[in-house]
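If you read the sequences in order, they're chains R, Z and W.
The first sequence begins at 1 in UniProt numbering and counts up by one.
The second sequence begins at 1 in UniProt numbering and counts up by one.
The third sequence begins at 1 in UniProt numbering and counts up by one.
Among the hints, a few may not be true.
To be verified - The calculated DSS-like cross-link candidates involving lysine-lysine, where the alpha carbons are at most 30 Å apart (straight line), are: (1) Z:Lys70 / Z:Lys247; (2) R:Lys4 / Z:Lys39; (3) Z:Lys245 / Z:Lys70; (4) Z:Lys128 / R:Lys4; (5) Z:Lys106 / Z:Lys228; (6) R:Lys4 / Z:Lys106; (7) R:Lys4 / Z:Lys257; (8) Z:Lys258 / Z:Lys136; (9) Z:Lys206 / R:Lys4; (10) Z:Lys39 / R:Lys11; (11) Z:Lys228 / Z:Lys206; (12) R:Lys43 / R:Lys131; (13) Z:Lys106 / Z:Lys247; (14) Z:Lys70 / Z:Lys33; (15) Z:Lys128 / Z:Lys206; (16) Z:Lys143 / Z:Lys128; (17) Z:Lys167 / Z:Lys219.
Since the hints were made in silico from the structure, they are not lab data.
This structure is a prediction, so every number in the text was calculated from the model and none was measured.
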Amino acid sequence: MSLKLFELLLKASLYTIGISLISILIGFAIAILLSGAMLSGRKFFSAPAQIFISFFRGVPLLVQLLLIYNLLPVIGINVPSIVAAIVGLSLCTAAYQAENLRGGFASVPRGLIESAEMVGFTPGQAFRRIKVPIALRLTFPALVNEAILILKASSLVSVVGIVELTRMAQDLAGSTFLPLEIFASAGLIYLVINLVVARAGGLIERSLPGIPR
Amino acid sequence: MRAGFLVRGLATAALLLGTTFSAHAEDALARVKAAGSLKVGTETAFAPFDFIDAGEHAGLNVDVFAEIGKELGVTIEWVALPWEGVLPGLEAGKFDMVAGPATITKARMERYRFTPPVAEATVAILKKAGDTTITKPEDIAGKAIGVGKATAQLAQLTAYSETLPTKVDVREYPAFTESYADLAAGRIAGVANSLPNIAFVASQRKDTFEVVLPPFGQKSYFGFIGTKDADHAPLMVAIDAALLKMKGDGRLAEMQKKWFGASFDTPDSVPDPAF
Amino acid sequence: MIFDVNVIFDQLPAILRGAGVTILLWIAATIGGAFFGFLVAVGRRYGGRLVNLPLGFCVEILRGTPFLIQIFLLYYGGPFIGLALDPVPAGLMGLTVYGAAYYSEIFRSGFAAIPVGHIEAAQCVGLTQGQIIRRILLPEMTMLVLPPSVNMAVIILKETAILSIITVPELTLTVSAIGSQQYAFVESLFLLALIYWALVEAAGRLGHLAETRLSRYRFSQS
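So that you can see chain R by itself, here it is in the shape it has in the complex (with noise of 0.2 Å):
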């Protein structure tokens, strides 16, 4: 396998990587507000979140994507490939985010509440000073976790016409038919990415305040 094949997927990951980036930090938005209307107790609220969540989580990205960037013309509304891209996967990562911060959140000790409005906290400030750093804290690991499945999972993406590290190693594969190797090198490629991420993941936590006893 000589260095431009490598090279050549080297240039796919900026795809990857850029798109998943994109996806993760729209997708967390989504999920703030999604676990928030979870968390309110109104069904006017909680119900539709709980449905967003259950369809994203539930059907398969593949289909997801599919569903963007092939029935969407059908009513009308023509998407370019890097949009159906990007929606696909912040919608799908917003779902499993979702669902990681209502964990965090339900497992933040209530003692701590308690306390914090013993001590005077009103409710709201015993929720933005407590309960949310709290849970965020708790859950930052979940986070990372779930960046790296979105890198790995962006490998979907190419359904939409986009050819990032995984289609660039396949369409490489059935150019030169040496599959082994340039699959073993989109791995490495992939492994170093989130290596990376997880690092960074790992220095983060360690530097937040530790999580109260």
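The hints should help you fit chains Z and W onto chain R, whose structure is shown.
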């Protein structure tokens, strides 16, 4: 306020309708010419028709469509998708036509509009280099042979298998790349695919693969794919004319020689395919 | 586009077989993955550096590369190093190992979230290491690890679709083959969406049920 809102709404609706109508007033050919580009969907893992060579999309299709573009006075805009996304994309109107190419079959002709053939698609066997147990197509009787799932090659292999004393153990793969990988890994004795494709595979990996000649079964042909609707009819007629012109003046034969090492004697159209 | 339901009904036996393969592989790989993942997490916590480092290295590789690439290399590369597995065993093995890597991390962060004081207290009153794992670590972290565990089960379900590239006759391979044979792209997409959605919903419901049960139990204890 409310009246103003209504008027504005109606005006927007009229505008939307107007643009929809004007977009459909012309046919696909006129739109392609007005835009100055023909959008072609394909999979770039189908050597030697479409593949990535030294980082560039290359192959017979690229050369042929460059000439078609010249004939029509437009540039070619390629959309690369995995094959399972290509035909649905065509039906969703994501591009004007599909390169591929695909084997011209009866079933496909019912659904799609094919161009004149650009190459022969007759099926042959790819074996491991130096395998002496397969020297002619009949030798695959009783052996495990790989083929792409839901392909015309599968239909041809199955039909051929029926004519053999012992049936072929047909193994279906999601794509031919995986079947080549399994041939290299030794789980199957051969892969059945169209001759131009496996000839290219064998030429790229001489130490690993070898083609078993002659091809078997009935002759079949590769054509490019378009939709059958009236909107696309003038475009497809123009593509047909460009291809036949290239065939007439020898450009197509030259490209076949460049990519397959030999030119094919293809008919101008395939009204009644064997499969 | 015409939506033809008959395409689905004609092929129902094949589709159900594909769904059966998917469900069996999913359940087996999830249980296996959680089991081995727990062993890995315990091993890394108590096994010392000699166990922790190599296991951590393997977990990083498995989590850091796409399952598609792992399974491709295992199945098509395996025979070159003398590991020629059939599609279904290869798929099950690949999926279990992949799941185990993720589950080990879920359990590890579960362990880490348990207040050190609880463990020290347990040690003070003379509980053995095995007892601490069973009586303190497991029950205390269950609430925390349950949501990500259900998430992971869902991810494993979706990864079973990748097994189509090594010719495992699971749901996605079966339905998409029918879809492209009959040009029923839209029908097959909707069918796949529906079946996977139903399975994920079932898993999610079970997870929620377990969560409510457990939280009731926890509060009755306090």
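Pairwise hint evaluation, lysine 247 of chain Z against lysine 70 of chain Z, where the allowed Cα distance is 30 Å at most
Since the Cα atoms of lysine 70 of chain Z and lysine 247 of chain Z sit roughly 15 Å apart, the hinted pair holds (cutoff 30 Å).
Given the hinted pair lysine 206 of chain Z and lysine 4 of chain R, is their Cα-Cα distance within 30 Å?
holds (21 Å)
Between lysine 4 of chain R and lysine 106 of chain Z, does the CA-CA distance stay at or below 30 Å?
The given pair, whose Cα atoms are some 42 Å apart, is violated under the 30 Å limit.
Does the alpha-carbon distance linking lysine 4 of chain R and lysine 257 of chain Z stay inside the 30 Å limit?
holds (27 Å)
Can the restraint linking lysine 106 of chain Z and lysine 247 of chain Z be considered satisfied, given a maximum Cα separation of 30 Å?
This hinted pair holds, its Cα atoms lying about 24 Å apart.
Checking one constraint from the list: CA of lysine 128 of chain Z to CA of lysine 206 of chain Z, max 30 Å. Satisfied?
Satisfied, since the Cα-Cα distance of roughly 10 Å is no more than 30 Å.
Lysine 106 of chain Z paired with lysine 228 of chain Z [C-alpha distance capped at 30 Å]:
Status holds; Cα separation ~14 Å.
Starting from lysine 143 of chain Z, check that the Cα of lysine 128 of chain Z is at most 30 Å away, please.
holds (13 Å)
Do the alpha carbons of lysine 39 of chain Z and lysine 11 of chain R lie within 30 Å of each other, as the hint requires?
holds (24 Å)
Hint check: lysine 245 of chain Z vs lysine 70 of chain Z, CA-CA at most 30 Å. Holds or violated?
Holds, because 12 Å separates the two Cα atoms, which is no more than 30 Å.
Taken at face value, is the distance from the CA of lysine 4 of chain R to the CA of lysine 128 of chain Z at most 30 Å?
holds (27 Å)
Given the hint that lysine 258 of chain Z pairs with lysine 136 of chain Z, test it: the Cα-Cα distance must not exceed 30 Å.
holds (27 Å)
In summary, the numbered hints that this structure violates are 6, 11.
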